[in-house]
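Let the hints inform the model, and build the full structure from the sequences given.
First residue of the sequence shown? That's 1 in the UniProt record's numbering, and the numbers climb one at a time after it.
Hints are supplied without guarantee of correctness; some may be wrong.
27 Å max Cα-Cα, derived DSS-like pairs, lysine-lysine [stated by the list, open to error]:
no.: 1; residue 1: K286; residue 2: K108
no.: 2; residue 1: K166; residue 2: K108
no.: 3; residue 1: K113; residue 2: K126
no.: 4; residue 1: K160; residue 2: K140
no.: 5; residue 1: K108; residue 2: K140
no.: 6; residue 1: K113; residue 2: K124
no.: 7; residue 1: K161; residue 2: K251
no.: 8; residue 1: K126; residue 2: K140
no.: 9; residue 1: K135; residue 2: K108
no.: 10; residue 1: K135; residue 2: K113
no.: 11; residue 1: K161; residue 2: K278
no.: 12; residue 1: K79; residue 2: K278
no.: 13; residue 1: K128; residue 2: K161
Rather than coming from a laboratory, the hints here were simulated on the basis of the structure.
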Amino acid sequence: MKRNWPLIEDFNVFLTVVRNNSFSRAAIELGVSNAYITKRIGILEEMLGVKLFYRNTRDIKLTESGEVTRVQAEQLINKTESVLEQIKDVKNDIVGSIHICSSFGFGKNHLAKALSLFSKENPKLKIKLTLTDIKIDLVKEGIDLEVIVGDEFHDRYYAKKIAENKRILCASPDYLSERGMPQTAEALSGHDCLFLQEKGLPFGLWHLTDGHRTETVRVHGDLSSNSGEVILQWALDGHGIALRSQWDARKYIEAGELTQILPGYYERASVWAIYPGKLEESIKTKKCVAFLEGYFGNATL
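In C-alpha coordinates form, the structure reads like this:
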(Lines of atoms letter the chains of each structure in order from A; the text may use other names.)
(Lines give C-alpha, C1' and ligand atoms only; values in the text may rest on other atoms or scores of the structure.)
Protein backbone atom coordinates (compact mmCIF):
# COMPACT_ATOMS: atom_id res chain seq x y z
CA MET A 1 0.00 0.00 0.00
CA LYS A 2 1.37 3.39 -1.00
CA ARG A 3 1.99 5.77 1.89
CA ASN A 4 2.07 9.55 1.63
CA TRP A 5 5.02 10.48 3.82
CA PRO A 6 5.78 14.05 4.91
CA LEU A 7 8.83 15.50 3.18
CA ILE A 8 12.09 15.76 5.12
CA GLU A 9 12.42 19.30 3.77
CA ASP A 10 9.10 20.25 5.38
CA PHE A 11 10.42 19.12 8.77
CA ASN A 12 13.50 21.26 8.12
CA VAL A 13 11.27 24.25 7.34
CA PHE A 14 9.31 23.57 10.53
CA LEU A 15 12.46 23.44 12.69
CA THR A 16 13.75 26.63 11.09
CA VAL A 17 10.52 28.40 12.04
CA VAL A 18 10.80 27.06 15.60
CA ARG A 19 14.44 28.15 15.89
CA ASN A 20 13.67 31.67 14.66
CA ASN A 21 10.26 31.87 16.37
CA SER A 22 9.08 33.56 13.20
CA PHE A 23 7.83 32.61 9.74
CA SER A 24 9.43 35.68 8.15
CA ARG A 25 12.84 35.19 9.78
CA ALA A 26 12.77 31.52 8.77
CA ALA A 27 12.09 32.62 5.19
CA ILE A 28 15.11 34.93 5.29
CA GLU A 29 17.36 32.17 6.66
CA LEU A 30 16.24 29.70 4.01
CA GLY A 31 16.22 32.26 1.20
CA VAL A 32 12.57 31.69 0.27
CA SER A 33 9.34 33.70 0.41
CA ASN A 34 7.02 33.98 3.39
CA ALA A 35 4.33 32.36 1.26
CA TYR A 36 6.53 29.31 0.71
CA ILE A 37 7.04 28.87 4.46
CA THR A 38 3.31 29.20 5.13
CA LYS A 39 2.51 26.70 2.38
CA ARG A 40 5.02 24.07 3.56
CA ILE A 41 3.88 24.34 7.20
CA GLY A 42 0.27 23.99 6.05
CA ILE A 43 1.10 20.88 4.04
CA LEU A 44 3.00 19.39 6.99
CA GLU A 45 0.08 20.05 9.34
CA GLU A 46 -2.27 18.41 6.84
CA MET A 47 -0.01 15.37 6.45
CA LEU A 48 0.36 14.95 10.22
CA GLY A 49 -3.25 15.77 10.98
CA VAL A 50 -2.35 18.20 13.77
CA LYS A 51 -2.00 21.93 14.33
CA LEU A 52 1.65 22.81 14.96
CA PHE A 53 1.47 26.50 15.94
CA TYR A 54 -0.78 28.95 17.70
CA ARG A 55 -0.50 32.11 15.60
CA ASN A 56 -1.57 35.72 15.94
CA THR A 57 -0.43 38.95 14.32
CA ARG A 58 2.51 39.34 16.71
CA ASP A 59 3.99 35.98 17.51
CA ILE A 60 3.75 32.21 17.25
CA LYS A 61 3.80 29.45 19.85
CA LEU A 62 4.09 25.70 19.53
CA THR A 63 1.03 23.64 20.32
CA GLU A 64 1.42 20.50 22.41
CA SER A 65 1.48 18.48 19.18
CA GLY A 66 3.97 20.97 17.78
CA GLU A 67 6.35 20.39 20.69
CA VAL A 68 6.18 16.61 20.19
CA THR A 69 6.80 17.14 16.47
CA ARG A 70 9.81 19.37 17.23
CA VAL A 71 11.50 16.66 19.29
CA GLN A 72 10.82 13.94 16.73
CA ALA A 73 11.76 16.18 13.79
CA GLU A 74 15.15 16.98 15.34
CA GLN A 75 15.85 13.27 15.75
CA LEU A 76 14.66 12.57 12.20
CA ILE A 77 16.83 15.31 10.66
CA ASN A 78 19.89 14.23 12.65
CA LYS A 79 19.38 10.58 11.69
CA THR A 80 18.85 11.46 8.04
CA GLU A 81 22.02 13.57 7.98
CA SER A 82 23.92 10.74 9.65
CA VAL A 83 22.72 8.21 7.06
CA LEU A 84 23.65 10.51 4.17
CA GLU A 85 27.05 11.28 5.68
CA GLN A 86 27.86 7.61 6.21
CA ILE A 87 26.88 6.78 2.63
CA LYS A 88 28.95 9.62 1.23
CA ASP A 89 31.83 8.85 3.58
CA VAL A 90 32.47 5.72 1.53
CA LYS A 91 34.15 8.09 -0.93
CA ASN A 92 36.04 9.67 1.98
CA ASP A 93 34.51 13.07 1.24
CA ILE A 94 32.80 15.11 3.96
CA VAL A 95 29.90 17.06 2.50
CA GLY A 96 27.08 19.19 3.84
CA SER A 97 27.57 21.84 6.49
CA ILE A 98 28.80 22.11 10.06
CA HIS A 99 28.02 24.92 12.52
CA ILE A 100 30.74 25.52 15.11
CA CYS A 101 30.85 28.06 17.91
CA SER A 102 33.51 29.27 20.32
CA SER A 103 34.48 32.27 22.44
CA PHE A 104 35.71 35.45 20.76
CA GLY A 105 39.26 35.17 22.10
CA PHE A 106 39.97 31.51 21.39
CA GLY A 107 37.86 31.46 18.25
CA LYS A 108 39.57 34.45 16.67
CA ASN A 109 43.15 33.73 17.73
CA HIS A 110 43.31 29.95 17.42
CA LEU A 111 40.22 28.10 16.20
CA ALA A 112 39.80 30.16 13.01
CA LYS A 113 43.25 29.10 11.80
CA ALA A 114 42.56 25.44 12.58
CA LEU A 115 39.26 25.53 10.69
CA SER A 116 40.96 27.21 7.75
CA LEU A 117 43.24 24.18 7.44
CA PHE A 118 40.34 21.78 8.03
CA SER A 119 38.40 23.48 5.23
CA LYS A 120 41.28 23.02 2.80
CA GLU A 121 41.29 19.30 3.57
CA ASN A 122 37.49 19.10 3.17
CA PRO A 123 36.55 21.52 0.38
CA LYS A 124 33.02 20.12 -0.01
CA LEU A 125 32.09 20.92 3.60
CA LYS A 126 30.50 24.27 4.40
CA ILE A 127 31.78 25.60 7.72
CA LYS A 128 30.02 28.28 9.78
CA LEU A 129 31.91 29.66 12.80
CA THR A 130 29.95 31.69 15.34
CA LEU A 131 31.86 33.56 18.05
CA THR A 132 30.04 34.42 21.26
CA ASP A 133 30.83 34.83 24.93
CA ILE A 134 27.33 33.99 26.17
CA LYS A 135 26.02 30.55 27.09
CA ILE A 136 23.90 29.07 24.31
CA ASP A 137 21.69 26.03 23.80
CA LEU A 138 23.47 23.93 21.19
CA VAL A 139 20.35 22.06 20.11
CA LYS A 140 18.09 25.11 19.95
CA GLU A 141 20.66 27.13 17.98
CA GLY A 142 21.53 24.29 15.63
CA ILE A 143 25.17 24.08 16.76
CA ASP A 144 27.01 20.89 15.80
CA LEU A 145 30.15 21.58 17.81
CA GLU A 146 31.32 24.05 20.45
CA VAL A 147 34.99 24.49 21.32
CA ILE A 148 35.53 25.91 24.80
CA VAL A 149 38.43 26.79 27.07
CA GLY A 150 37.71 25.76 30.65
CA ASP A 151 36.49 22.72 32.53
CA GLU A 152 32.97 24.04 33.23
CA PHE A 153 30.29 22.85 30.82
CA HIS A 154 26.76 21.42 30.87
CA ASP A 155 26.63 17.67 31.47
CA ARG A 156 23.68 17.32 29.08
CA TYR A 157 26.20 17.36 26.21
CA TYR A 158 28.96 14.99 25.14
CA ALA A 159 32.52 16.24 25.57
CA LYS A 160 36.06 15.34 24.56
CA LYS A 161 39.25 17.00 25.74
CA ILE A 162 41.31 18.07 22.73
CA ALA A 163 44.19 19.91 24.43
CA GLU A 164 45.66 20.61 27.84
CA ASN A 165 45.72 24.24 28.94
CA LYS A 166 45.89 26.26 32.13
CA ARG A 167 45.19 29.81 33.24
CA ILE A 168 48.07 31.63 34.92
CA LEU A 169 48.34 34.77 37.04
CA CYS A 170 50.11 37.77 35.56
CA ALA A 171 50.49 41.53 35.91
CA SER A 172 52.62 44.31 34.47
CA PRO A 173 56.03 45.14 35.99
CA ASP A 174 54.75 48.68 36.74
CA TYR A 175 51.81 47.36 38.77
CA LEU A 176 54.02 44.98 40.74
CA SER A 177 56.58 47.72 41.36
CA GLU A 178 53.87 49.89 42.89
CA ARG A 179 51.83 47.25 44.74
CA GLY A 180 54.34 44.50 45.39
CA MET A 181 54.47 40.84 44.41
CA PRO A 182 51.91 38.61 46.20
CA GLN A 183 53.65 35.66 47.85
CA THR A 184 50.60 33.49 48.57
CA ALA A 185 47.25 32.79 46.94
CA GLU A 186 45.50 34.40 49.92
CA ALA A 187 47.43 37.63 49.31
CA LEU A 188 45.61 38.10 46.01
CA SER A 189 42.55 39.33 47.92
CA GLY A 190 44.53 42.46 48.81
CA HIS A 191 45.28 43.34 45.18
CA ASP A 192 43.39 44.86 42.29
CA CYS A 193 42.25 41.92 40.18
CA LEU A 194 40.75 42.00 36.71
CA PHE A 195 37.60 39.92 36.28
CA LEU A 196 36.49 38.02 33.21
CA GLN A 197 32.72 37.48 33.15
CA GLU A 198 32.28 34.01 31.69
CA LYS A 199 29.02 32.32 30.64
CA GLY A 200 27.24 32.41 33.98
CA LEU A 201 30.20 31.21 36.09
CA PRO A 202 30.62 32.53 39.68
CA PHE A 203 31.99 36.08 39.70
CA GLY A 204 35.08 37.05 41.70
CA LEU A 205 36.17 33.50 42.57
CA TRP A 206 39.46 32.06 41.32
CA HIS A 207 39.99 28.31 41.77
CA LEU A 208 43.77 27.92 41.95
CA THR A 209 45.68 24.67 42.27
CA ASP A 210 49.30 23.74 42.78
CA GLY A 211 48.64 20.35 41.23
CA HIS A 212 47.82 18.73 44.56
CA ARG A 213 45.21 20.86 46.28
CA THR A 214 42.85 23.59 45.11
CA GLU A 215 42.30 26.92 46.84
CA THR A 216 39.26 29.06 46.10
CA VAL A 217 40.20 32.71 46.48
CA ARG A 218 37.71 35.58 46.49
CA VAL A 219 39.41 38.50 44.78
CA HIS A 220 38.46 42.15 44.38
CA GLY A 221 38.81 44.88 41.79
CA ASP A 222 37.01 47.65 39.94
CA LEU A 223 37.48 46.48 36.35
CA SER A 224 35.65 43.59 34.69
CA SER A 225 34.74 42.59 31.15
CA ASN A 226 33.33 39.69 29.16
CA SER A 227 36.30 40.00 26.77
CA GLY A 228 39.55 38.21 27.55
CA GLU A 229 41.39 40.55 25.19
CA VAL A 230 40.17 43.58 27.14
CA ILE A 231 41.27 41.99 30.43
CA LEU A 232 44.70 41.30 28.96
CA GLN A 233 45.05 44.88 27.72
CA TRP A 234 44.12 46.23 31.15
CA ALA A 235 46.78 44.01 32.70
CA LEU A 236 49.33 45.37 30.20
CA ASP A 237 48.23 48.90 31.12
CA GLY A 238 49.02 48.24 34.78
CA HIS A 239 45.50 48.09 36.21
CA GLY A 240 45.93 44.86 38.16
CA ILE A 241 46.37 41.10 38.18
CA ALA A 242 44.77 38.95 35.49
CA LEU A 243 44.08 35.23 35.33
CA ARG A 244 44.58 34.41 31.66
CA SER A 245 45.13 31.29 29.58
CA GLN A 246 48.80 30.57 29.01
CA TRP A 247 48.22 30.74 25.24
CA ASP A 248 46.97 34.28 25.79
CA ALA A 249 49.72 35.59 28.05
CA ARG A 250 52.88 33.69 27.09
CA LYS A 251 54.21 36.06 24.41
CA TYR A 252 53.81 39.07 26.70
CA ILE A 253 55.61 37.31 29.54
CA GLU A 254 58.45 36.32 27.21
CA ALA A 255 58.67 39.95 26.01
CA GLY A 256 58.81 41.25 29.59
CA GLU A 257 55.54 43.17 29.26
CA LEU A 258 53.88 40.93 31.85
CA THR A 259 55.29 39.03 34.82
CA GLN A 260 53.93 35.68 35.92
CA ILE A 261 52.77 35.67 39.55
CA LEU A 262 52.84 32.63 41.83
CA PRO A 263 54.12 30.33 39.04
CA GLY A 264 53.32 27.28 41.15
CA TYR A 265 49.60 28.09 40.99
CA TYR A 266 47.22 27.87 38.05
CA GLU A 267 43.59 27.27 37.15
CA ARG A 268 42.74 24.23 35.05
CA ALA A 269 41.28 25.31 31.70
CA SER A 270 41.64 22.57 29.12
CA VAL A 271 40.32 22.91 25.58
CA TRP A 272 37.18 20.83 25.04
CA ALA A 273 35.00 19.86 22.10
CA ILE A 274 31.32 19.88 23.14
CA TYR A 275 28.59 18.36 20.97
CA PRO A 276 24.90 17.50 21.46
CA GLY A 277 24.97 13.93 20.11
CA LYS A 278 27.32 10.96 19.98
CA LEU A 279 30.23 11.37 17.57
CA GLU A 280 29.27 8.13 15.84
CA GLU A 281 26.01 9.80 14.79
CA SER A 282 27.76 12.50 12.74
CA ILE A 283 30.71 11.78 10.47
CA LYS A 284 31.43 15.47 9.88
CA THR A 285 31.52 16.28 13.61
CA LYS A 286 33.61 13.19 14.34
CA LYS A 287 36.19 14.09 11.71
CA CYS A 288 36.27 17.73 12.77
CA VAL A 289 36.87 16.80 16.41
CA ALA A 290 39.62 14.36 15.38
CA PHE A 291 41.26 17.07 13.27
CA LEU A 292 41.12 19.64 16.09
CA GLU A 293 42.48 17.09 18.55
CA GLY A 294 45.48 16.52 16.31
CA TYR A 295 45.93 20.22 15.56
CA PHE A 296 45.77 21.51 19.12
CA GLY A 297 47.44 18.44 20.58
CA ASN A 298 50.54 19.26 18.53
CA ALA A 299 50.30 23.04 18.92
CA THR A 300 51.87 25.18 21.62
CA LEU A 301 48.92 27.00 23.13
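Hint by hint, here is what the structure shows:
At most 27 Å may separate the alpha-carbon atoms for a hinted pair to count; K286 and K108 meet this at roughly 22 Å. Distance restraint check for K166 and K108: the Cα-Cα separation of roughly 19 Å lies within the 27 Å cut-off, and the hinted pair is therefore satisfied. For the hint pairing K113 with K126, the CA-to-CA distance comes to about 16 Å; that is within 27 Å, so the pair holds. Pair hint K160 plus K140 holds up; C-alpha atoms about 21 Å apart against a cutoff of 27 Å.
Between the alpha carbons of K108 and K140 the distance comes to roughly 24 Å, so the proposed pair stays at or under 27 Å and holds. With a C-alpha separation of about 18 Å, the suggested pairing of K113 with K124 holds against the 27 Å cut-off. Between the alpha carbons of K161 and K251 the distance comes to roughly 24 Å, so the proposed pair stays at or under 27 Å and holds. Proposed proximity of K126 and K140 is supported: the alpha carbons are some 20 Å apart, at most 27 Å.
Taken as a hint, the K135 and K108 pair is honoured in the structure, with Cα atoms around 18 Å apart against an allowance of 27 Å. Using a Cα cut-off of 27 Å, the hinted pair K135 and K113 holds, with the two alpha carbons roughly 23 Å apart. Distance check on the hinted pair: K161 and K278 sit about 15 Å apart at the alpha-carbon level, within 27 Å; holds. In summary, the hint linking K79 to K278 is supported, as the alpha carbons are separated by about 11 Å, within the 27 Å threshold.
A distance of roughly 22 Å separates the Cα atoms of K128 and K161; the hinted pair therefore holds under the 27 Å criterion.
Of the numbered hints stated above, none is contradicted by the structure.
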